[in-house]
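K.L.:
All chains, please: the whole structure from these sequences, using the hints.
Protein chains: 2
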Amino acid sequence: MRCRKCGQKAVINMRQHRLALCDEHYLEWLPEQTERFIKKYEMFTRYERLLLAVSGGKDSLALWDVLWRLGYNVDGLYINLGIDGSLDYSNQSQRFAQQFADERNLKLINLNVHEQYGESIPEIAQRTRRGQDKTCSICGLVKRHIFNQSARDGNYDAVITAHNLDDEAAVLLSNSLDWSLERLGRGQPLLPAGGGFVRKAKPFCRFYERESAAYTLLRGIPYIHEECPYSTGSKQLFFKQDLNRWEEHMPGTKLRFYLNYLTALDEGAFPQRQESPAELDQQRCPICGQPTITGNTCAFCRLFEK
Amino acid sequence: MRCRKCGQKAVINMRQHRLALCDEHYLEWLPEQTERFIKKYEMFTRYERLLLAVSGGKDSLALWDVLWRLGYNVDGLYINLGIDGSLDYSNQSQRFAQQFADERNLKLINLNVHEQYGESIPEIAQRTRRGQDKTCSICGLVKRHIFNQSARDGNYDAVITAHNLDDEAAVLLSNSLDWSLERLGRGQPLLPAGGGFVRKAKPFCRFYERESAAYTLLRGIPYIHEECPYSTGSKQLFFKQDLNRWEEHMPGTKLRFYLNYLTALDEGAFPQRQESPAELDQQRCPICGQPTITGNTCAFCRLFEK
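Just so you know, the sequences run in chain order A and B. The numbering of the first sequence is my numbering, which starts it at 5 and goes up by one. The numbering of the second sequence is my numbering, which starts it at 5 and goes up by one.
None of these hints come from the bench; they were simulated from the model. Among the hints, erroneous ones may be present.
Given that identical chains are not distinguished, each listed pair holds provided it fits within a single copy or across any two copies.
Straight-line C-alpha distance at most 20 Å; calculated SDA-like pairs for lysine to any residue [claimed, not checked]:
{"id": "1", "residue 1": "K44", "residue 2": "N264"}
{"id": "2", "residue 1": "K239", "residue 2": "E251"}
{"id": "3", "residue 1": "K138", "residue 2": "W250"}
{"id": "4", "residue 1": "K138", "residue 2": "P255"}
{"id": "5", "residue 1": "K239", "residue 2": "M254"}
{"id": "6", "residue 1": "K138", "residue 2": "Y227"}
{"id": "7", "residue 1": "K138", "residue 2": "V175"}
{"id": "8", "residue 1": "K138", "residue 2": "T257"}
{"id": "9", "residue 1": "K244", "residue 2": "H167"}
{"id": "10", "residue 1": "K138", "residue 2": "M254"}
{"id": "11", "residue 1": "K239", "residue 2": "H167"}
{"id": "12", "residue 1": "K111", "residue 2": "I225"}
{"id": "13", "residue 1": "K239", "residue 2": "R148"}
{"id": "14", "residue 1": "K43", "residue 2": "M5"}
{"id": "15", "residue 1": "K244", "residue 2": "S178"}
P.N.:
Structure below.
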């Protein structure tokens, strides 16, 4: 397999694009495409202050590297969830994130769930006696809360996550099985600010997981290779395996699934209930002040209610 | 496992309903539920003339038996597709359908694609050089055309198919991956008449395949056990296998997937373009007179264009 641009030996073949590239051209191509998506979905500009959720894994470090090289103004936020297992998972991840930031003289905000709220994720999950999928959903809830709070406290213009196409397709498949109009109406790569929520963008949403992994490897960025010990057997992993089998059978399935969904959204597939800004402003949690649909104590603060 | 109604030995356990039944109560339950769905979705009444698509398989013969016992006025339509293989598949299926009708003194209309149009389904597929999935799509196109034409010619009030939940869920999953608003907007158990299309109803849409199979077996109805030789490796079968794995892992998945979809439709997902009756009346194929979206020669007639 030869690079389409220079004819040298290709290091990656992207069947869904019928495109093979050598290392040099791949390291050019991925940032170019990222820039294209940022502009296409009108995510953010170089004049804005951005906060990136950094996990220490391949996706978030690849995205930080790309945005930094493209000249965007991005700080990182590492949330130490207190997930240890035999791997000392959270502390190891944090070291990779910190090393990355230090080498590039970038700002990484570190936040420790146990120090901040008195309990780690596994401790909260154990106390509320939730099963494995529930641990993942508690973790998601806590991260979203902290992420939005930190962005508001730091006056960031937008928060960024490194979700890739495999992530987005798996969530979309799960939401399609439930047909939740609320969730299906919010799967865009850009969610505008509103009602106390900071703008959210996912610049890697059109890259396959293997593509961000290839970027990280070719750039020689050290990252945590292990998956979170709680992810084994999770619903999302289950759907990712199905999508991988479909992709194998019908190359491009994941990308078509996601892009056709975005087109369907544009065509009005899931009309959303529109709340007025005044209504939304009233829907704040009395404890933390963050937005909540019910207008009562938010789901995050309820986790810590005695 | 004991029957919930009488405590006798159960012959079927429906995990999604947490309901186990003996043979006697199962043979009562399935028609009661069918009647419930007919009323719930306002499909048709006992005063109307109905045309059922009969394949000679377990679903269509079970449905015909149930509707006949419930006192509905149903004729059958068997379309001989000329699929032979080593099994003489089409002719065998036809014999099962005819035997069923004769034993109950019911009217079965027999129609032979080769006799009517000069070519069988495999011959059309071969001439137009289509692959396996395409053979299934040609077959679907031909059956839909003949079915609608026969219902209009015979002045039937509604056409009925015996699609079960496994069929509907597989089609829905396939359509969800494509996000075709046109197709996703038309997955209801009842499609009203309009623009030259006869009303269409699917009274078995909420039964799992194994439930209609159990009914056919317990009633002792002979039917063709073989699957169509062309179905092996088809896209629909592929998705059915995935849904079966999900169902195994999370009982009730198929039913929730389908019912949540119907709720989403009710809540305004996939709004359909509304054509006026006058517009629709102009969109007729100049060759066969049946409705066609383009207003030019319909897809069925194009199959036979030289």
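K.L.:
Of the hints given before, which are not true for this structure?
P.N.:
6 and 14
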